[in-house]
Structures are given as C-alpha cells and as structure tokens.
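**Q** One-letter residues, chain by chain:
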Amino acid sequence: MTDYAVELCNVTKVFSSGRGAKSEDVYAVKEMNLGIPRGQFFTLLGPSGCGKTTTLRLIAGFETPSSGEIFIQGKPMSKIPPNVRPVNTVFQNYALFPHMNVASNVAFGLAIKRVPRDEQKRIVKEALELVQLADMGKRMPSQLSGGQQQRVALARALVNKPAVLLLDEPLGALDLKLRKAMQIELKHIQEQVGITFVYVTHDQEEALTMSDFIALMSDGLILQLGDPATLYKKPANKFVADFIGESNFIRGTVDSITRKGTKLRVLDELVTVDAMEVNLAKGQAATFTIRPEKMMLKTKQPVSTEALSGTVQEVIYIGTDTRYIVTLQSGESVVVRVQNGCSPDVEQFSKGDLVKVVWLPEDARLLTD
Amino acid sequence: MNKHKIFSPGSIYFLLMCVLLYLPILLLIIFSFNDSTRLVFPLKGFTLQWYGKLYENRELLKALGNSLMIGFGSSLIATILGTMGAIAIVRFKLPGRSVFLAVSALPLVIPYVIFGVSLLILFNEVGIRLSAFAAGLAHVIISIPYALLIISSRLVGFPDNLEEAAMDLGASYWGALLKVTIPICSPALLAAFLLCFTISFDEYAIASFIVGTDATLPVYLFSQLRFPTRLPMVVALAAVLMIVTMAVMLFTEWLRRVGQSPAKKG
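Chains as they are written, first to last, in my numbering: chain A, 1 to 369; chain B, 1 to 266.
Treat the hints with caution; some may be incorrect.
[To be verified] Here are some chain B residues the structure puts well away from chain A; computed CB gaps all over 12 Å:
no. : residue
1   : Tyr13
2   : Phe41
3   : Phe46
4   : Leu48
5   : Leu106
6   : Leu108
7   : Val109
8   : Ile114
9   : Ala205
10  : Ala247
[As the list claims (entries may be wrong)] Chain B stretches covered by chain A per the calculated footprint, using a threshold of three residues with CB under 8 Å from any CB of chain A:
no. : stretch
11  : 163-169
12  : 178-190
[To be verified] Some chain B residues close to chain A (C-beta under 10 Å, calculated; not the full set):
no. : residue
13  : Pro159
14  : Ser172
15  : Tyr173
16  : Gly175
In short, the hints are calculated from the structure, not lab data. Glycine included, every Cβ here is placed at the ideal spot set by N, Cα and C.
Here chain B stands alone, though its shape is the one from the complex (with noise of 0.2 Å):
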C-alpha cells in the first residue's frame, strides 16, 4: 500500500479551499463575538450585545420581514413553474423543448447586475412600482432554472409506468399526478423550494435596483456598512445569515438524495 502524502497538489488543493473559504467565515463568527467595534487582533473579550442590538433594531427587522416574504414568495411560485416546466420537458416531446430549457435557463449565466439595470428600465416602462412585490417577481426569473434542474433530475430518475399504472386503475391525468408523481417528487420539490428560498434570501444586487423602499436583508446590511460603529453588528447579522442559508442548504442536499435513493432500488 502507498502512504497517502500529505503534500500532493490534491491535498493542497483542498487546504487552500478550506483556508479561502471557511477561515473568512470562522473569523466573521470569532469578531461577531468580539467586544470592540474595531475588527483587529487580538481579541478584547466575549460579549453577545451585537447580537442584541440586531434583535432591537427594528429597521433590520422589517428588512428581514421584507426578505422572507419575498423569499416565501417567490420561491413558491417558482417551485409551482419549475414542477410544471420540469414535467412538461421530461414527460412529453415538445416541439423546440431544447430551445424551452436554454431560455429557463438563461438567469443562470447573466450578471445580476445587469439583469438587475435592465429590470429597473423595464419596470420603470411599464409602470411596475420598485417594491418588494417587483424584487419577488425578479426572485422568480432567477429561482426558476434551479426549481426545473432539480425537479427534472427528479423526474428523469423516475420509473414512467408509475404514472400509466394509476391510470390503468381508474385515475385521471390530474389524479394521477397528485396522487402518485408529486407525493414521490415530494423531497424534490420541498429541496427545489429551500434552495430558491435561499437564492432569493442572499440575493442583493437585483434587490438592490428595484426594491425601492422595502429593503430586504442583504439589501439593508449593505447599507449599514457607512457607519463604522454599527460595523459589529453587521458582522453579527452575516453570521446569521450565512449559518442559516448554510444549515437549509444542508437540509436541501439531504432531501435531494433521500428522494432520489428509492428510484435506484425500485
């Protein structure tokens, strides 16, 4: 057997990642903690007042108010599109359905920016008031190719004649996908859910064009950072942020397989 080196390119590979990704995050908790409003070593004791004020700051709050509505929102109703965009590709041969996939999928590879400035002109056209209902509608577009991908990877993995043998025993089309495909995709759909929750939850560059007045989460800890005394509390409300969307992201990953495992055994 040959020893596994400690310093192969893969390895060190991996450190790296760790140190640029978690290290970051490690010490934005470590400072969240941290009673000074300076964010420099070494430490000057444990005190949990950020994390108070962010319970009495009443702005934050709506803001947060603001970003789980449109997060509750939006993710639902692109949980609902994607579902049906998902079975309409993987159960029926549409003419030009490649064409149908390339454009829900499209969010994914344009800058927020950008789709965040055109979003902005186009609703200043139509006459769409900049809010939190115009920033869901944005949370949508972009939470759609997230919904399909999974729900038809879902789909895809899923025996066909389940769907023929409800039928066979007397349900209709519509009795047949509620009673069996969607009970099974469940895992899928609650995963597809969580995950656009999440997207629509950190996103701060669309909603930061066109939320007006209703500024969501990211959007209000953005403008927070001009004022160096409230900078710890920042800090603390990041932690918050990134354990929670880190914790549902895990959540969603374990849904993911647990809905796909049963396919691969039947």
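The shape of chain A in the complex, shown without the other chains (with noise of 0.2 Å):
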C-alpha cells in the first residue's frame, strides 16, 4: 500500500481536433506525475483550459490516457472501467436524474449494488442529514434550488463510500454567498468523512479556503504543488504569483550577488532581494515580486527595510483597506494595499505625492519567468 489515494505517473492526454490533413494535437495534460495523499483536501487549480477538467475525467475513467498509467490506492487504472473504479464524481451541473426524486437519485448507487432496501435507506437517510436535506427525500430535482441540488450531488457520490472523491467546479453555477457558506460546509464534510477529495476550480480564493494541497495547472502541466500557504508566500514562478492572489512585478538588472542576497539595480537606485534557489549572473535582467499588503508608503525609508521612490498616482478606498497606485521612477506602476487599521505609523498621502514605496527584504521574491 502506497500513501497515496492517487497516483498519475507520466500521464499524456492528447485529444486530435479537425480531420486528415488538418488534425491538430492538443495536448490537454503534458507527462504529469502527481501523488494525492489519502484522506486530503486537495485541490486542482487553474485558468480555463488547463487540463484540470481533463485530469479529472482521466481518474473518473471517462477519458484513457494516451499514455502513462494511474493508479487508485495503488491499483492500476488502465484496464479498469468507470463503473467499477472505486471514486465517484460530483459534476459541474450536478447530472441529477431528472426522473426520479431526491431519495431515488441518493440510492441509485447502493440500488445498482443490490444493498438490500432496509439498509439503503437508513444510509440515504443519513446521507441526506449530513447535507441538511433530511425532509427533501420525497422531491424531484426541478424543485430544488441550485444549492439543494449540488448538495443532493455530493450526497449520492458520498453514499457510496469511495476511496476518492471528484467534485468539477461544483460551486460554480452558486452565487457568491452560497458559494462562500459551502466551501466551509464542504471541508467539514471532508473532514468528517475522510475521503480523499480532488477537487476542480479556477477560483484561486476556493482553493486557498478549502484546499490542504494545490497542485497549480497552466497548459497540462502542474506549475506548483503545496499548502496554500506555500503557494502563496513562495510562489515558484510569475505565472503562479500572478494567479494566486494579487502581485507586484519589479524588473531590474543584476548589480552584484553578494552572500545576503542578490543587489537589483531598478533605474538609479539600489535593492537587495533575497536570491533563493534562482541563479543569476551580474547584468542579467530579473524580475521580483512583492504582495501590495506587503508594502507600505512612507515619506522616508526607514532603517533595514529596502525601497523604491514614486509618485502616488490614485488612492482608492475600498472600506477595510486603502490601494494605493504608485507610478515607480522606472515608469512601472505597483498596488500597494494599506489596512485602514489605527496603527500609529500609517501615514496618509493623496494623489501627486511623492512617496518611498517600502517593504521588509524576506517579503520580496525573486522569480523566472
């Protein structure tokens, strides 16, 4: 027995569009080896037309890998069809039978398993308390609302008891507030049942909510795979800084690599950033990255903090916080994002200001590209 509930090795997805002479490959997921730990909360994230959709329905067993193999608690795939493969999926619409009611739709699985009736429907029965749809049983799915319906969803995947559970973008079609009650409700239910989840969204803020692993997809491959945490403190590349959460991008050249870092020169004036695992040789152009709740204005830079000097070019006031647009001397404009707490040390500045743009070294990234 393996850790892992799933495993991708060397796993290509190539899908031909057109015909003849004109076919063209599409590669929706490139060589991905991945492992999902048992029992996890993990997360596929990424733009539309990543292969995180297409990652999915290759463990679902909807879609054969062109090459490569996955394994299912250390089982291989390949042979197996998605009937008899021990996970179940929570569609993006939901695919609730439309001709049967609510009960009928949550036991279709213990019924297709010849689970004697009694049983089937002490297990609906808790099935549905788990989602708070106890009394619903009797309804059909045109009288539920979007919410019920995602929530019948995952109750007729969860009677079934998979090792591992697929849910495609299943809040999508929710409005935000729903959206936000049940991403909590979700993780709980993942907690108190232990199921491996796989979870499918491009919604970066649903994936740092409910996620203990992300695996960041961009154009069939996996990006980044971390906690949350890790992938937004130490993104590994621009495009990861840039899908999750909000960035500043600095350029500048390589001035002098010393032991404390490597020295950015940004127009005239100097920055130390930390070097990390990137390597960079003098006069090389770089790039670094600073979240804007990270950066603070100030009039003067104050001791052991690095800087770059800019002119205030728009202050927005967005209640909790106040953004800041600051146009740097290099002519490149960054976000900076200052709470709107009573810490004494805030100052205030207005449109045509000129400012010291500040921030602690161990903040600023380094990045490729």
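Dock chain to chain to rebuild the complex, using the hints, since each chain is given by itself in its own frame.
**A** As structure tokens, this is what we get:
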C-alpha cells in the first residue's frame, strides 16, 4: 500500500481536433506525475483550458490516457472502466437524474450494488442528514434550488463510500454568498467523512479556503504543488504569483550578488532581494515580486527596509483598506494596500505625492518567468 | 396600438387553409350522419345506421384487425430501430454518420407508389409472400425516419453527463441506458411509436401493392368505393379513421412537448 490515494505516472492526454491533414494534436495533460495523499482535500487549480478537468476525467475513467498509468489505491486503472473504479464524481451541473426523486437519486449507486432496501433507506437518510436535506427525499430535482441540488449530488456520491471523491467545479453555478457557505461546509464534510477529495476549480480564493494541497496547472503542466500558504508566500514562478492573489512585479538588472542576497538595480536605485534558489549572473535582467499588503508608503525610508521612490497615481478607498497605485521612477506601476486600522505609523497620502514604497527584505521574491 | 386587420394577407391565408383543410372533414362527418346514400345537400335526416353497418361488417373488422396488427408491429420495430439509430448518431462519433442519416431519411422523399411497386418486384424476386407481414415490413422502413428524428431530437437536448453520472455510480453502459436514458426519453419513445402507428394505419399506396389478400383498413376502404350504396358507410369509416388519427396525433405532439420541457429547466 502506498500513502497515495491517487497516483499519476507520466500521464499524457492528447486530443486531436480537425480531420485528416488539418488535424492538430492538443495536449490537455503533459507527462503528469502526481501523487494525491490519502484523506486530504486536494485541489487542481488553474485557468480554463489548463487540463484540470481532463485530469479529473482521467481519474474517473471517462477519458483514457494517451500514455502513462493512473493508480488508485496502488492499483493500475488502465483496464478498469469508470463504473468499477472506487471513485465517484460530483459533476459541474450536478447531473441529477430528473426522473427520480431525491431519495432515489441518492440511492442509485446502492441500488446498482443491490444493497438491501432497509439498508439503502438508512444510508440515504444518513447522507441526506449529512448534507442537511433530511426532509427533502420525496422532492424531484427540479423542485430544488441550485444549492440544494448541489448537496443532493454530493450525498449521491458519498453514499457509495468511494476511496476518492472527484468534484468538478461543483460550486461554479452558485451565487457568491452560497458559494462561500458551501466552501466551508464542503471542507467540514470532507473532514467528517475522511474521504480523499480531488477538487477542480479556477477560483484561487476557493482553492486557498478549502485545500490541504493545491496543484496549480497551466497548459497541461503542474507549475507548483504545495499547501495554500506555500503557494501564496513562495510562488515558484511568475505565473503562480500572478494567478494566486495579487502581486506586484518589478523588473531590474542584477548589479551584484552577495551572501546577503542579490542586489538589483531598478533604474537608479538599488534594492536587495533574497537570492533563493534562482541562479543569476551579473548584468542579467530579473523580476521580483511583492504582495500589495506587504508594502508600505512612507515619506522617508525606515532602517532595515528596502525602498523605491515613486509618485502616488491614484488613491482608492475600499473600506477596510486603501489601495494606492504608485508609479515608480522606472515607469512601472505597483499597487500598495494599506489597512485602515488604527496603527499610528500609517501615513496618509494623496494623488501626486512623492513617496517611498518600502518593504521588508524577506517579503520580496526573485522569480523566473 | 395598431388594430389587427381582419383582411391582412396572413389572416386570409389562415382562413383559406382552414376552409380547404377542415371544411371537407367537417362535411364528411356531417354526411356520415345523413340518412341518404347520396352525398348531397339538403340533408335528409339524422341516422346512426352507417356506423351500425360498420360495426356489423365482418370484412371491415378483419381489415381493422390487419391494420392494427401491422401498425402495432411495424411501429414497435421502427421505434426500437429508430432508438438504436438515434443513440448511434447522437452519442457516438461514427464515421460516415451523415451518410447513415441520409440513407435512413430517404424513405421520407421517395413517393410511396414507387416504393410500393419496387417492393412488389423485390418481394416477388426473393419469394416473400404478399401479405400483412410484407406490408408490415414496408411500414417499418417508412416509419424509421420519423422515429429516428423524434428520438434523436430528444437525445440532443439531453444532458449527456447523466449517462456518465450513472456509470460513475456503478452502472454498466447498458444499465445506464436502461435506468437513465430510456426512462427520460420515454415520452419521446411513446410519441415516436404513436406517430409511426398513425403512418402505418393511414398508409394506402404501399399496402395496396403488397398486402395481398390481407386488406388493411385504407385498402378495404378504397375497394368499397366501387359500390355506390356503400358510399355512406365508407364515409362513416373515413370519419372514424380521421378522428382517431387526429386524436393520436394531438396526444403525440403533447407527449413530445412534455418530454422536451424538463431538459430546458435542468
């Protein structure tokens, strides 16, 4: 037994579009190697068309890999059809059976397995209680709201006690408030039942809220795999930094490399950035990133901070925070988010003010593209 | 607001259509109750004797039996084949499926008289006896396109991940088909069956060539036109046929709509 609920080994999925000479191969998933740990809430995150849904469908068995092998609980799946795999799916548009009531929908998998009737009834009742739809068993799916249909779909999948539950953007069709509530509820249900969840979403906030692990995908590749805090604090490259949360990117050239870090020249100013594992040579162009909430605006640069000078271009008040858009001397714009708390060292600025944009050295990260 | 003009081209067209289509039918029904062997005004008096004669006519009842049997059998087979064809066309990316569709739909455009003659020749060549069975076979062929079109239009509007969901929950492909696809399509299947039935039930041209001695109702009806005294009875028969067919068609259309609507909601 391995510690992975699902393992993908060198999995590639190619779709060919068009016909004959015009046919074009589209790589939805490229040579993917991925281990999804048992009992975790695992999220495949990425923009639309990045291959996350294809990955999910490969695990479910609705698509077959062009090459490579998928293991579920250590067993190879290439010869196993979807109906025999120990996985269940919650589909994007729920895919409830419109001709059956809620209880029959939930009992579908049990009926196929010929679980005795009384047993079915008990399990369905428990499942509907778990998703807080205890008295809705007799309703038809069309009589339920989107959020309720979502819960039925979840219950219908969970009653089969799958080793892995696959969820394909299940909250995509819900309004914002309901989505937020369901995110927390889904997370709680996952902790309660202890089943491995593989969750597909394009919403980075959703991914950060719920996941134990996130694999960020783009163009069929996994760009970074890690827990939410790692992805947010230590993005592996520019795409990750840009996709997850808001980031400022500042370009410069390498002036010197010391033990303290890399000194970058941004127009006429020098800043020091932790070198990390990025290998750069003197004179090379480089980009570093800082989150807007990790920057401050000051009239004078405090000690042990890094700073660049700029001019306040815009002040946007958004309740809890004020967002300053500052144009640096180099012409690049950065966003600085200042919390409207009662901290005494927060200075107020208005449009046109000359300011120092300051940050702590450890909050800046050198990136590769 | 502009007034609706009574004599706009549209309403004149509609009026004309109603007169040409429904007036003859109305006349037919009126004369079927008229106490005279001649179909002329003024009406002579009310009678049900023509309907009574219908009921007593053994030959006619036998023809009705033949028609029901051929209609039931051919539409059942056409619906089954049409369902299989529709699933193949809609669900699978078959190579040459446009050719398949074109070939299946061909009976729609072939004149029935020509089809009847060619079947007569064919059946004689291969030694199929001219009979109700032969007519049933022919009716299967002309009914398939209708069944195919009705069922495939239902399948197109059917969220295709329902079958995936069923398989995901442990059903085999056939299990998913039987437990999910077929039940959801059942109004369309019934609509297809009933439409095929009315086509077979009303069909004269092909049946007249190949039905042999097992006359169907339309064939029998046409044969009775030679006897002037039986004309009112034929009219009564025609009235019955018309009403039954129309009722079945209206029910079919209603079914088709009922079957279509849940897909839009979900």
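**Q** None of the hints should be skipped; say for each whether it holds.
**A** Now the hints, each set against the structure:
1. Tyr13: holds (39 Å)
2. Phe41: Label holds. Min Cβ-Cβ 54 Å, cutoff 12 Å.
3. Phe46: Label holds. Min Cβ-Cβ 49 Å, cutoff 12 Å.
4. Leu48: holds (45 Å)
5. Leu106: holds (25 Å)
6. Leu108: Since the minimum Cβ distance to chain A is about 28 Å, Leu108/B lies beyond 12 Å and the statement holds.
7. Val109: Holds, because the least Cβ-Cβ distance between Val109/B and chain A comes to about 28 Å, which exceeds 12 Å.
8. Ile114: Non-interface label stands for Ile114/B: nearest chain A Cβ at 37 Å, farther than 12 Å.
9. Ala205: Label holds. Min Cβ-Cβ 40 Å, cutoff 12 Å.
10. Ala247: holds (26 Å)
11. 163-169: holds (count 6)
12. 178-190: holds (count 4)
13. Pro159: Holds, about 7 Å.
14. Ser172: holds (6 Å)
15. Tyr173: holds (8 Å)
16. Gly175: Given a least distance of 7 Å, the restraint on Gly175/B holds.
Comparing the model with each numbered hint stated earlier shows that all of them hold.
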